[in-house]
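Undergrad: For reference, the chains in residue letters:
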Amino acid sequence: MFQKKTRAESGIPTASLPDIIFLLLFFFMVTTVIKKTQGIPLVTPAAVQTKKIESKRHLAYIWADEKGTITVEDKLVSTSHLGQISKIIRERLDEDNRLIVSLKIDKRANMGLVTDIQEQLRDAYAIRINYATRFKGGGG
Amino acid sequence: MADIAFLLLIFFLVTTTMDMDKGIPMILPERGGEVKINPKNIAKVLINASGDVLFDGEVVLDQELKELLRTRIKERGLDADLKPKLIVSIKTDRETEYDRYITILDIVKDAGATKISIAEPDKD
Chain C
158 MFQKKTRAES
168 GIPTASLPDI
178 IFLLLFFFMV
188 TTVIKKTQGI
198 PLVTPAAVQT
208 KKIESKRHLA
218 YIWADEKGTI
228 TVEDKLVSTS
238 HLGQISKIIR
248 ERLDEDNRLI
258 VSLKIDKRAN
268 MGLVTDIQEQ
278 LRDAYAIRIN
288 YATRFKGGGG
Chain D
5 MADIAFLLLI
15 FFLVTTTMDM
25 DKGIPMILPE
35 RGGEVKINPK
45 NIAKVLINAS
55 GDVLFDGEVV
65 LDQELKELLR
75 TRIKERGLDA
85 DLKPKLIVSI
95 KTDRETEYDR
105 YITILDIVKD
115 AGATKISIAE
125 PDKD
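Those protein sequences? They're chains C and D, same order as listed. Per the numbering used here, the first sequence runs over residues 158 to 297. Per the numbering used here, the second sequence runs over residues 5 to 128.
No wet-lab data here; the hints were simulated from the structure. Each residue gets a CB set at the ideal place from its N, CA and C atoms; glycine is no exception. Misleading hints may appear alongside valid ones.
Covered by chain C, per the in silico footprint, the following chain D stretches (three or more residues, Cβ under 8 Å) [as the list claims (entries may be wrong)]:
#1 5 to 13
#2 25 to 35
#3 93 to 101
#4 112 to 125
Here are a few chain D residues that sit away from chain C, every Cβ distance over 12 Å (derived from the structure) [claimed, not checked]:
#5 Val18
#6 Val39
#7 Asn45
#8 Lys48
#9 Asp60
#10 Val64
#11 Leu72
#12 Arg74
#13 Leu82
#14 Asp85
#15 Leu86
#16 Lys89
#17 Arg104
Excised from the complex, chain D in its bound form (with noise of 0.2 Å):
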């Protein structure tokens, strides 16, 4: 009796899976403050409302991007802090959806940049 109690209990122990929160996270730019860098180290992503991105103005496919991210990321080296120095920024169209801005996020975090910076659509 004993052991089918405990083979029971163990089995619910197993299986049970708590409801996790994931996602990806995410740092927002704090207003005011805006820091001169140097040019070299952007890399501009725009996706415009029908779901196309474009890379320094070239359009290019999802699995393009990640490698041209990639090879940039290297070409500009570590920073002090051993962090690619590259700052990647996406910009998105006010009609863009987000499925494909998620999309695009996680091809530039998979591609090793951590810092993304979010630039404001513009107002139409």
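Just chain C, same shape as in the assembly (with noise of 0.2 Å):
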């Protein structure tokens, strides 16, 4: 009678793991939304020499449409007050002295808009840009 002990199976039965790992990887890679940057409508010019960005980190954006709207660090700056990006872009070169100003800028505008925002920068020891392009394929 005591010999016929009856020996649960213990442990947990892992022919189905890959599975639910697969699963779970599934469902992550369906649900995740990789984040879109949003700002005003615009189309950058196209250009041969268009060079890949090293970091991400140090970067600073200004967005300006043709009619002259400029968004710094997607804060809003009027045509009137235009001190506000050297000041805006200062404290971000504080923080970080190896920033690079990246200009997202219009084909459509005009230049006096891009010195003045170029001015700016000049004021603000923000040196150091880069001009937002599209590859531009083939020779031409």
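Take the two lone chains, each set in its own frame, and fit them into one complex as the hints suggest.
TA: The following block contains the structure:
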């Protein structure tokens, strides 16, 4: 009587473990949404000499469209208060002295606006800039 | 099952492209501190309001500009850091279109110039 001890199977069945892991993987793959940067709609010019920026960490963004709408680090700056640009950029530069300012400017904008922004950047001692462009394929 | 899953995984890994920031790097001139440069080492490129390009005072086509700059860079030779001695100064009008400016900047960079200076447009 005592010899016939029922031995319950202990331990978790691992045969379906990969399936569970894959289900989890698929679940996260499907539900993950990559954050998209939002901004004012604009078309950047195309250039052959387009290069990738090595680090995203040291970037500050300035957007400007052809109507003169300017945003600096997602803050709207009015054309009559351009001094705001150097103020915001200088604050960023204080935190990070390897800062590169990326200028996303609409291709229809005029150089007057671009120059005004650049003068503000020079005021802020932010001399490393980058004109955001699309890559133009071919030799053109 | 596992094989299919891996195939799918690898497929998505390969096809997914991260949105990279691209552009033309530039260094703005610092405030103050004007440096005297041998005028022979400067090539002046002017872009007017209607988008015409003047190279040392003469109207040139985009393709011509590239060739002219290439020969000029070769003429002036290299400096101690093995960079072209020639400094290309780009000047625009306040009414010049930004797209045109980038096109010219692109051509200047494509011609091999590394020292590019941006001149302020004249105040009108």
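Undergrad: With a Cβ-Cβ cutoff of 8 Å, does the stretch 25 to 35 of chain D contain at least three residues near chain C?
TA: Answer holds; 11 residues pass the 8 Å Cβ test.
Undergrad: Over 12 Å to the closest beta carbon of chain C is the bar; see if D:Val18 clears it.
TA: Given that every Cβ of chain C is farther than 12 Å from that of D:Val18, nearest at about 14 Å, it holds.
Undergrad: Under a C-beta cut-off of less than 8 Å, do 3 or more residues of the stretch 5 to 13 of chain D approach chain C closely enough to confirm the stated coverage?
TA: holds (count 4)
Undergrad: Please confirm whether D:Val64 is truly not at the interface, meaning its C-beta sits more than 12 Å away from all C-beta atoms of chain C.
TA: Consistent with the label, D:Val64 stays out of reach of chain C, its closest Cβ about 17 Å off (over 12 Å).
Undergrad: Does the claim that D:Leu72 lies off the interface hold, with its Cβ farther than 12 Å from every Cβ of chain C?
TA: Given that every Cβ of chain C is farther than 12 Å from that of D:Leu72, nearest at about 18 Å, it holds.
Undergrad: Taking the closest pair, is the beta carbon of D:Asp85 still more than 12 Å from chain C?
TA: Nearest chain C Cβ is 18 Å from D:Asp85, so the label holds.
Undergrad: Is D:Lys48 truly not at the interface, in the sense that its beta carbon sits beyond 12 Å from all beta carbons of chain C?
TA: Nearest chain C Cβ is 16 Å from D:Lys48, so the label holds.
Undergrad: At 12 Å, judged by beta carbons, does D:Val39 keep clear of chain C as stated?
TA: Holds: least Cβ distance 15 Å, greater than 12 Å.
Undergrad: Does the claim that D:Lys89 lies off the interface hold, with its Cβ farther than 12 Å from every Cβ of chain C?
TA: holds, 20 Å
Undergrad: Beyond 12 Å from every chain C Cβ: check whether that's true for D:Arg104.
TA: violated, 8 Å
Undergrad: Three residues or more, CB to CB closer than 8 Å: is that satisfied between the stretch 93 to 101 of chain D and chain C?
TA: holds (count 6)
Undergrad: Evaluate the condition: distance from the CB of D:Leu82 to the nearest CB of chain C exceeds 12 Å.
TA: holds, 20 Å
Taken one by one, the earlier hints fail for this structure only at number 17.
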